[in-house]
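Asks: Using the sequences and the hints, build the whole thing.
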Amino acid sequence: MAVVNKADVVIIGAGIIGCATAYYLTKRGKSVIVLEASDNIGNGGSSRNGGGVRQSGRDPRELPLAMYGIKELWPGLSEELGVDCEYHKEGNLRLGKTDKHLEILEGLTKRANACGLDVRMVNADEVKKINPHLSDEVIGASWCPTDGHANPMITTLAFYRKARMSGARFITGEPIKTLRRVKGRVKEVIAESKNVYEGEYVMVAAGYESRKILETVGVDVPMHQELMECLVTEAQQKMFPQMLGTAEADFYGHQSDHGSFVFGGSSGIEMNNKDIGPKNSPGNSAITAPCICRGIMKYFPELEDAKIVRTWAGYIDICQDGVPVLGFVDDVPGLVVACAFSGHGFGIAPAVGEQMARLITDGRTTVDISGLRYGRFKAKI
Amino acid sequence: MNTIVDRTKDIGEFIPQPDDDMLICRCEEVTKGEIRRAVHDGMWTITEIRRYLRTGMGLCQGQTCARLVKGIVARELGISMAELEPAAARSPMRPIEMKVLGNEEVTDLWQ
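Chains as they are written, first to last, in the working numbering: chain A, 1 to 381; chain B, 1001 to 1111.
If you're looking for bench data, these hints aren't it; they were derived computationally from the structure.
Any given hint could be a false lead.
To be verified - Pulled from the structure, derived: some chain B residues nowhere near chain A, Cβ distances all over 10 Å:
(1) Asp1010
(2) Asp1019
(3) Asp1020
(4) Asp1021
(5) Leu1023
(6) Gly1042
(7) Thr1064
Unchecked claim - With a cut-off of at most 27 Å between alpha-carbon atoms, the simulated BS3-like pairs for lysine-lysine come out as follows:
(8) Lys1099(B) / Lys307(A)
(9) Lys194(A) / Lys1009(B)
(10) Lys1009(B) / Lys30(A)
(11) Lys1009(B) / Lys6(A)
(12) Lys238(A) / Lys1099(B)
(13) Lys6(A) / Lys177(A)
Using N, Cα and C, we set each Cβ at its ideal position, and we do this for glycine too.
Replies: Shown next as structure tokens:
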């Protein structure tokens, strides 16, 4: 059969990772095809997360990517993509209400300091100065002034728009069934529709769905799915610009440029949630949004009258060890993996896209991603 | 639905229209021209338009403008309105205060 669907790189998954990589590849003169199973671009976690662009609290293995993105890419991103991504670099507070919380935060802070990140503990007075709306229950926080947030839906679509303008070919509604090696190299991508795509490199960035696709060439990423849920309020007066999280992980979120508050969180039984939504748009569980509300009101009592206008849910692809799998795979030439982001994908997406484009065109990255390689998983004994 | 759509398909140039400044989504103040331009930016589904422009994401959640937006996007793409999937409706059905939503009875899940 004659293959007409040929490009330098075929990317599976048009989430923010696929879209960003496609953009940076076109910038480096490569031809790109991006294949998306859903009818919508960025329909997974890319459009369903809380918008954090953080370094604090991140694992030392992925911290170099997070720091690189915030230093080199995020500040100029809106201008580069021609769309306002609503990026704010105005700090992240991780809040604590008990001594146990402060202990957790101190541990995270020490680890981040060891990696050269400016994050420090602040006491009850200092935290109230940074954010006067906090309840008196908050007794301390970790403070990372260079963290922030952006609009995940717009950023994802902005990468898509710019990549498409630069010549990347996006095809939606095209779920992928198998990868096939040609003379030992992963080259062919076969869709459920039986359409065949061919690339010198094939990148799999399809969230949890990557697992089934990668299995077809003998690569198995140890990950599972967990549902996270978000809610958004009606527009409120401007209150504060920081990104927020808590030591307890009750909720996380920020106030958007629009004025609405976007908060994400969980109920605590996600590991064993029943899957109640349609495949392309996971459903909320009835107990989660109320639980997130109770969490928020403990930290921000004055938000109790804010009206919730919408809730939604999305799956996180959680890796066995909590950090992504990224890069080439030994003994599987032609393949690039970018999945199992474990809920940290949005903030590092520009850095991942730019570095994957370097990896594919130059054969190496400029940021150390060696701790994220596929080969790291070993049996415990 | 899963229809294969190649987003490089030519839909023609954006041509300004005299009523482009007409408000379509009243809650979020989005105009017809902005919606038409978003289609030319590559936003070809109602879900993408919503995420890109906030149409139907305000207080009424699209109960007023959903049909109008659909008509504009379909015309711009040169397809029938029936080919466009509606965006997902999400709870709550009406805006509801945090203190009310958070006030349901908390019981032991495993009782």
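Asks: Looking back at the hints listed earlier, which ones does the structure fail to meet?
Replies: 6
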